[in-house]
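2 protein chains.
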Amino acid sequence: MRECSGVKLFDLARERALIHSTAATLGWDQETHLPDAAHPYRAAQLSWLTAKAHLLSTSDEWKAALEEGEAADKGGDVTLTANLREMRRQFDRSTKLPVELVARESEATSLGKHAWASARENSDFAAFAPHLETLLAIAREKAELWGYESEPYDALLDTYERGSTAAKISALFDTLRPQLINIGNLAVANSEARNARLPAGPYPIEAQKRFNAVVAKSLSFEFNAGRIDTTTHPFCTTLGPRDIRLTTRYDTEDFTSSLFGVMHEAGHGLYEQGLPQDDFGLPSGDAVSLGIHESQSRLWENHVGRSQAFWERWFPFAVECFPQLGSLTIDDFLAAIRRAEKSYIRVEADEATYDLHILLRFDLERRMMNGELAVKDIPAAWNESFEKSFGITPPDDRHGCLQDIHWSMGGLGYFSTYTLGNINAAQLFATASADPTVAAGLAKAEYKPLLAWLRTNIHAHGGTYDPAVLIEKATGAPPSPDAHLSHLFARYCASAI
Amino acid sequence: MRECSGVKLFDLARERALIHSTAATLGWDQETHLPDAAHPYRAAQLSWLTAKAHLLSTSDEWKAALEEGEAADKGGDVTLTANLREMRRQFDRSTKLPVELVARESEATSLGKHAWASARENSDFAAFAPHLETLLAIAREKAELWGYESEPYDALLDTYERGSTAAKISALFDTLRPQLINIGNLAVANSEARNARLPAGPYPIEAQKRFNAVVAKSLSFEFNAGRIDTTTHPFCTTLGPRDIRLTTRYDTEDFTSSLFGVMHEAGHGLYEQGLPQDDFGLPSGDAVSLGIHESQSRLWENHVGRSQAFWERWFPFAVECFPQLGSLTIDDFLAAIRRAEKSYIRVEADEATYDLHILLRFDLERRMMNGELAVKDIPAAWNESFEKSFGITPPDDRHGCLQDIHWSMGGLGYFSTYTLGNINAAQLFATASADPTVAAGLAKAEYKPLLAWLRTNIHAHGGTYDPAVLIEKATGAPPSPDAHLSHLFARYCASAI
Numbered sequence: 018m019r020e021c022s023g024v025k026l027f028d029l030a031r032e033r034a035l036i037h038s039t040a041a042t043l044g045w046d047q048e049t050h051l052p053d054a055a056h057p058y059r060a061a062q063l064s065w066l067t068a069k070a071h072l073l074s075t076s077d078e079w080k081a082a083l084e085e086g087e088a089a090d091k092g093g094d095v096t097l098t099a100n101l102r103e104m105r106r107q108f109d110r111s112t113k114l115p116v117e118l119v120a121r122e123s124e125a126t127s128l129g130k131h132a133w134a135s136a137r138e139n140s141d142f143a144a145f146a147p148h149l150e151t152l153l154a155i156a157r158e159k160a161e162l163w164g165y166e167s168e169p170y171d172a173l174l175d176t177y178e179r180g181s182t183a184a185k186i187s188a189l190f191d192t193l194r195p196q197l198i199n200i201g202n203l204a205v206a207n208s209e210a211r212n213a214r215l216p217a218g219p220y221p222i223e224a225q226k227r228f229n230a231v232v233a234k235s236l237s238f239e240f241n242a243g244r245i246d247t248t249t250h251p252f253c254t255t256l257g258p259r260d261i262r263l264t265t266r267y268d269t270e271d272f273t274s275s276l277f278g279v280m281h282e283a284g285h286g287l288y289e290q291g292l293p294q295d296d297f298g299l300p301s302g303d304a305v306s307l308g309i310h311e312s313q314s315r316l317w318e319n320h321v322g323r324s325q326a327f328w329e330r331w332f333p334f335a336v337e338c339f340p341q342l343g344s345l346t347i348d349d350f351l352a353a354i355r356r357a358e359k360s361y362i363r364v365e366a367d368e369a370t371y372d373l374h375i376l377l378r379f380d381l382e383r384r385m386m387n388g389e390l391a392v393k394d395i396p397a398a399w400n401e402s403f404e405k406s407f408g409i410t411p412p413d414d415r416h417g418c419l420q421d422i423h424w425s426m427g428g429l430g431y432f433s434t435y436t437l438g439n440i441n442a443a444q445l446f447a448t449a450s451a452d453p454t455v456a457a458g459l460a461k462a463e464y465k466p467l468l469a470w471l472r473t474n475i476h477a478h479g480g481t482y483d484p485a486v487l488i489e490k491a492t493g494a495p496p497s498p499d500a501h502l503s504h505l506f507a508r509y510c511a512s513a514i
Numbered sequence: 018m019r020e021c022s023g024v025k026l027f028d029l030a031r032e033r034a035l036i037h038s039t040a041a042t043l044g045w046d047q048e049t050h051l052p053d054a055a056h057p058y059r060a061a062q063l064s065w066l067t068a069k070a071h072l073l074s075t076s077d078e079w080k081a082a083l084e085e086g087e088a089a090d091k092g093g094d095v096t097l098t099a100n101l102r103e104m105r106r107q108f109d110r111s112t113k114l115p116v117e118l119v120a121r122e123s124e125a126t127s128l129g130k131h132a133w134a135s136a137r138e139n140s141d142f143a144a145f146a147p148h149l150e151t152l153l154a155i156a157r158e159k160a161e162l163w164g165y166e167s168e169p170y171d172a173l174l175d176t177y178e179r180g181s182t183a184a185k186i187s188a189l190f191d192t193l194r195p196q197l198i199n200i201g202n203l204a205v206a207n208s209e210a211r212n213a214r215l216p217a218g219p220y221p222i223e224a225q226k227r228f229n230a231v232v233a234k235s236l237s238f239e240f241n242a243g244r245i246d247t248t249t250h251p252f253c254t255t256l257g258p259r260d261i262r263l264t265t266r267y268d269t270e271d272f273t274s275s276l277f278g279v280m281h282e283a284g285h286g287l288y289e290q291g292l293p294q295d296d297f298g299l300p301s302g303d304a305v306s307l308g309i310h311e312s313q314s315r316l317w318e319n320h321v322g323r324s325q326a327f328w329e330r331w332f333p334f335a336v337e338c339f340p341q342l343g344s345l346t347i348d349d350f351l352a353a354i355r356r357a358e359k360s361y362i363r364v365e366a367d368e369a370t371y372d373l374h375i376l377l378r379f380d381l382e383r384r385m386m387n388g389e390l391a392v393k394d395i396p397a398a399w400n401e402s403f404e405k406s407f408g409i410t411p412p413d414d415r416h417g418c419l420q421d422i423h424w425s426m427g428g429l430g431y432f433s434t435y436t437l438g439n440i441n442a443a444q445l446f447a448t449a450s451a452d453p454t455v456a457a458g459l460a461k462a463e464y465k466p467l468l469a470w471l472r473t474n475i476h477a478h479g480g481t482y483d484p485a486v487l488i489e490k491a492t493g494a495p496p497s498p499d500a501h502l503s504h505l506f507a508r509y510c511a512s513a514i
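Here the protein sequences line up with chains Y and D, keeping their order. According to the working numbering, the first sequence is numbered sequentially starting from 18. According to the working numbering, the second sequence is numbered sequentially starting from 18.
Derived by calculation from the structure, the hints in this document are not laboratory data. Heads up, a few of these hints could be off.
The list treats identical chains as one, so a pair stands whether inside a single copy or across any two.
[Said to hold, decoys possible] Derived pair list, reagent style EDC-like, types lysine to aspartate or glutamate, alpha-carbon separation capped at 20 Å:
(1) K226 <-> E168
(2) K69 <-> E32
(3) K25 <-> D295
(4) K234 <-> D53
(5) K69 <-> D28
Using the sequences and the hints, build the whole thing.
Shown next, in the form of structure tokens:
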């Protein structure tokens, strides 16, 4: 990527990355350490940074550098051309938003996240509703400014997954829905018949931390360029090219909640640690989309973390950390961690029913954006939809529409990428597993070959190719939900699990 | 302070405070959580922020706003006039430094702190020396650009304590030296005769954290606007008007090391929490000088924390946290925590010998700045001076010239403010104790009246008055070392302690 040094536009993009990563540092601190009374001032700090980055990337200087780069590009370097193409797309989107709106959104999300955390704690939707009103209004403003093909929601979806539209995703989800309901019902029936459960707690937090850190290290997560901390809602954030931080939360009654959380976030973290460091802040050094990002987390969490080979290696150490597991056979244990049931909380849902949670959110968001669903009516709409998909009703909003951080962060349009991620994960894992070196590693729960395959086929490309192109280059076929459905069926619906 | 709203200059100063406090947040994270491989990028982030703040406060816009403010000031408001006067002084100093030098210093200190931490760990002065060369050269460059009365060191001293010069401090220290040596010798002889010591450890870190937090709360340190974390070198930093963070380090053989560290840093923190919040970023809302800042930390650490009344209240809880203390009478315990001895480490030195550590550093720094002492000769010069003051020689540089973080942060000129702080602390405490309400509180180890006195007489004024004026307003007399010497003599040299 030598062509990307000495280009004025890329120097500006690196400066913007300094500002964004500074904001990410303040954001991380906000979630992990910020004293209560400090939130308003932190919001002002973040708002200043966001405005600075926006001003820079919509400046005349930036525009001139972009035009200069485009004029000089002779098309001989794929990465250079891809960087210019993506930066043109970003520039055209950014210049449509006034800086006042960007600063207002930053402040609204800082305050929104804070309000959400306590609203969730108290299951008090009314306390969060005014923040959500503000954030939804801002999302609508943005969609109108950006423009869209058929409906405002398209503009938001495109933010997270280049080229996706509500109509396309809706068509995909409509195809998936009956099959997912079928898989879910079979999986739940199988689990009820088998009735395997983990022994009761306590699973001490210190032992969970120890176990998780050893596992994350075995996946090659680099702790000299990252950390694991504790938050209400788990996430992975990038504070610099060599500073990737995961968070998790602990349940002393169930160690697998933090473990699979860490494996999930470590999947995101391994992707970030594998991106081309010298291009940090350029499209070629940044993740391409959330649907690809999520494919990495799901692959490590589900295809690796819930596999038989993984536990053949790690079950003895789990017993050492949590002696009560000694009462189980490894088959019982596998059945317990693959237990499918109808549950309220998306982040704790099993693989077999997970996507149904996403389909519900996609529908509600689309209606919110189209003005068909008012904020005050969200709790009732949520519960009604939930009952239709799962046959049960959340006991309170903490277990319903208040459970996720996304809306409080202004992340409308984000959720569908989780199911896209599941689909991509299965397709990538099926292809990688067909490689004999990767397969030999998987059999011994040694993951360097798998990681090397992902580094080469996904991570090294950053955002050079569009998500669908990247999947096709890596797997030899366009994106398709087949591998995901086969995987779920094989793991959850075969009679013996 | 209504006059300070609506003034354009003060809006700019508030923007600069946003940048500075953002940098402080990154600096705090750097000391507490930053992964190893992330240091170079963090240095670049800090360098960008420092340059931005410098550019803002030396801009034509800032200059015009300053001139406009000065022209409009009719002199009817003491705070307004003081803010303009101090901002003029700061502006004249800042504009003398090119932005390139400011960015270079920021990067050098980020790298310097990192190098110092491992050099100290390994007692490897050679690993730190090149960084110190760079930092000393930058300090000399700054002194030449700022200008000075008699010698380059004056320019640095003025940074931390308005109006102080090497000649003035040298005269004060020359007067103090024989009396301090006398007090030190008597104190050490008394302690040797009494030979009181704390029982052996371990003092578990969790119990220390519990004890320290309860004590910090009893001093009214506000935990909803602050925190306590762990670092190699303890400090207090301000991340926003309601975000004041202390750090400490733990010694499982001696709980008083972290306790007095916390009381010291909490003294700084109480001052920061007591400054006028609405003026955050203006001189009237910021600390006036390090000599006043340090008076607050010393007052709480020594005059409160090592007093008989304090321990009459807290000794029973200390015994609860650390059962081995049950073997001591409260008199034995007081004698142990007031034990004076000749020791190597400044931050662990007792009150009676502490100032001798400062006098040594002041001499060395003055010689470094005058070009009489080369970096490579510092370890030998340190050890020689140490032997003259204390009669013992440090076993290695970790216990000698590598012990303090200050030089690695570019903090040449800082040390003398510790002794100025001791002098101010004693003078303020003597005056406050003469107030009947304060005295009644002190007798019961209830510190709200003392804090209220400090809030009114020191904190509320921020940087409105020069340090000497502030002391005179608070105590009715100009600054003098008499109260400090009397306090040390009474506590350490009376025959019975």
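Hint check results:
1. K226 <-> E168: The answer is neither: 45 Å in one copy and 56 Å across copies each exceed 20 Å.
2. K69 <-> E32: both (11 Å within a copy, 12 Å between copies)
3. K25 <-> D295: within (15 Å within a copy, 41 Å between copies)
4. K234 <-> D53: Between. Shortest inter-copy distance 16 Å satisfies the 20 Å Cα cut-off; intra-copy 33 Å does not.
5. K69 <-> D28: Result: close both inside a copy and across copies, 16 Å intra and 16 Å inter.
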